[in-house]
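Enquirer: Turn these sequences into a full structure, and let the hints steer you where they fit.
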Amino acid sequence: MNIKLSINMIRLFFIFLFSFISFGLFAQDDLMNLLNKDAPKETNYTTATFKSTRIMNGHSIERMPPGQLDIRIEHRFGTLNSGAYELFGLDQTANIYLGIEYGILNWLMVGIGRERNDKLYDGFAKFTVLRQSSGERVMPVSVSIFSSIAVKSVKWPDPTLKNYFSSKLSYVTQVLIARKFNQAFSFQLTPSYVHRNFVATELDPNDVFAIGSGARVKLTKRISLNGEYYYITNPKTYMSQQIYDPLSVGLDIETGGHVFTLLFTNSVSMLEKGFIGETTGSWKKGDIHFGFNISRVFTLKKHQKPSNY
Amino acid sequence: MKRILLLIFFLNIVLAVNAQKYMTKNGYIGFFSHTSMEDIKGDNNQVVGAIDISTGEMVFQAVIKSFHFDRALMEEHFNENYMESDKIPKSSFKGKITNLSSVDFSKNGTYDVTVEGDLIIHDITNKISTKGTIEVVSGGINANAKFNIVPEDYKISIPGVVRDKINKNLEVTVAMKYAPLTAK
Chain A
1 MNIKLSINMI
11 RLFFIFLFSF
21 ISFGLFAQDD
31 LMNLLNKDAP
41 KETNYTTATF
51 KSTRIMNGHS
61 IERMPPGQLD
71 IRIEHRFGTL
81 NSGAYELFGL
91 DQTANIYLGI
101 EYGILNWLMV
111 GIGRERNDKL
121 YDGFAKFTVL
131 RQSSGERVMP
141 VSVSIFSSIA
151 VKSVKWPDPT
161 LKNYFSSKLS
171 YVTQVLIARK
181 FNQAFSFQLT
191 PSYVHRNFVA
201 TELDPNDVFA
211 IGSGARVKLT
221 KRISLNGEYY
231 YITNPKTYMS
241 QQIYDPLSVG
251 LDIETGGHVF
261 TLLFTNSVSM
271 LEKGFIGETT
281 GSWKKGDIHF
291 GFNISRVFTL
301 KKHQKPSNY
Chain B
1 MKRILLLIFF
11 LNIVLAVNAQ
21 KYMTKNGYIG
31 FFSHTSMEDI
41 KGDNNQVVGA
51 IDISTGEMVF
61 QAVIKSFHFD
71 RALMEEHFNE
81 NYMESDKIPK
91 SSFKGKITNL
101 SSVDFSKNGT
111 YDVTVEGDLI
121 IHDITNKIST
131 KGTIEVVSGG
141 INANAKFNIV
151 PEDYKISIPG
161 VVRDKINKNL
171 EVTVAMKYAP
181 LTAK
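Line by line, the protein sequences give chains A and B.
For the first sequence, position 111 matches number 111 in the working numbering, and the numbering has no gaps at all.
For the second sequence, position 99 matches number 99 in the working numbering, and the numbering has no gaps at all.
Keep in mind that the hints were calculated from the coordinates and are not lab data.
Some hints here could point you the wrong way.
Said to hold, decoys possible - Stretch-level coverage of chain B by chain A, calculated; a stretch enters the list once three of its residues show a Cβ under 8 Å from a Cβ in chain A:
1. 36-50
2. 86-93
3. 159-173
Said to hold, decoys possible - Label-pair distances were calculated between CB atoms; the ranges are:
4. 138/B to 12/A: 42 to 52 Å
5. 101/B to 12/A: 29 to 39 Å
6. 34/A to 109/B: 24 to 34 Å
7. 173/B to 41/A: 53 to 63 Å
8. 153/A to 173/B: 51 to 61 Å
9. 93/A to 161/B: 25 to 35 Å
10. 123/B to 262/A: 26 to 36 Å
As the list claims (entries may be wrong) - The list that follows gives simulated cross-link-like pairs (lysine-lysine, BS3-like), each with its CA atoms no further than 27 Å apart:
11. 90/B to 302/A
12. 165/B to 37/A
13. 168/B to 37/A
14. 21/B to 41/A
15. 301/A to 41/B
16. 302/A to 25/B
17. 41/A to 25/B
18. 177/B to 25/B
19. 165/B to 301/A
20. 41/A to 90/B
21. 146/B to 302/A
22. 221/A to 165/B
23. 127/B to 37/A
24. 284/A to 236/A
25. 131/B to 21/B
26. 119/A to 168/A
27. 41/A to 177/B
28. 96/B to 37/A
29. 302/A to 41/B
30. 165/B to 302/A
31. 41/B to 107/B
32. 168/B to 155/B
Where is the CB? At the ideal position from N, CA and C, for every residue including glycine.
Expert: Here it is as structure tokens:
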């Protein structure tokens, strides 16, 4: 009886001793676990799906945050198939675009711009409808809506005819749906509708429908490879001119407040109304234009702490 | 026998939980860089922290996306290019007050302390030691400290193009207002 008791007491003593030691060792991690225990589940909104508000020619779901101004200059050179004498198109200017864009609200950005060809003025608004998120609230995609009006201001070819102002107008509506799959890859689908009030002949449709697609592959922290392709669903062979689907490939290079884009495209126009439905160049024939976009962002208003909008 | 064991088991748990712990969910950590080109200031008012006054242990955890800047573009670059917050969402500190005996937590007042521990930023751990103050007030404890860190020590790469826009040393300010942990 006595021996049994003493063995049990020794066992008891060691259990007692070890239990205290184990608690002492984990105190710091205990404290850390305490922090995580009560952490409320947060919603993590995806940022920087694309490096700027454009993928190549067309818009991305990215918007200018409120109070930020974006000055854009875009240039398209001549075609590569113009040959070495023309320095593969670098000697020629196919088109120039100047634009100024501003973030008004967390979900609204507007912009105006002007393109050299047809002296085309364009005004747009882009609404952020849904943001991709994970955590408390899960949303698999970001969705924005784009709407623009373009006005041709080039002089009428025949002023003696009755020319209507409304003939100068075109309207574009797009739904932008994008997903950032991971740090390296983002993809966007852009169903688009272009309405041209006045077209060249009866063969040309006033309404053009297209499914746009765009992707970016991040190569380094500041450089990404972007591609954009719009598939025009209207039958393209019955129009007065052969038109082609616009395809653009290029690099986005970010340095501080600038984003430089270097690209190759078969479209001459940098506005939706132009490149969707009026692209007469073909990649196969070598009607490829080298071009660049420069975007410089200025902060006009201090950034407010974002609230859940 | 079994009853005694059970009693000892429960005693240990009770002893561990009731060690005096204070916590906050709205702690402040900010960092500041001044250069002739521009000033960069990031503020985080949602830092979670805890302090155990019986051992002097302190921990903080800050979510990188909760650091806010005056310029939205600066905040985006901070997250995307520098801190890679999608990959490494949090930063933390685990350390203790080395001169715990010089602090009397039962008397209101301000005490100078030295805190040492591991600072984990961008998944890199570095030992730091800093002077700070512990202020005992009725109903809580306030902890404050200011120290410098070098971004390269935490593998935060700053490209040559913008290197002059960021000071080699970043001044970090910590301000925590702890309240006693209420038993659940």
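Enquirer: Starting from the hint list further up, note which numbers the structure goes against and sort them upward.
Expert: 7, 12, 13, 31
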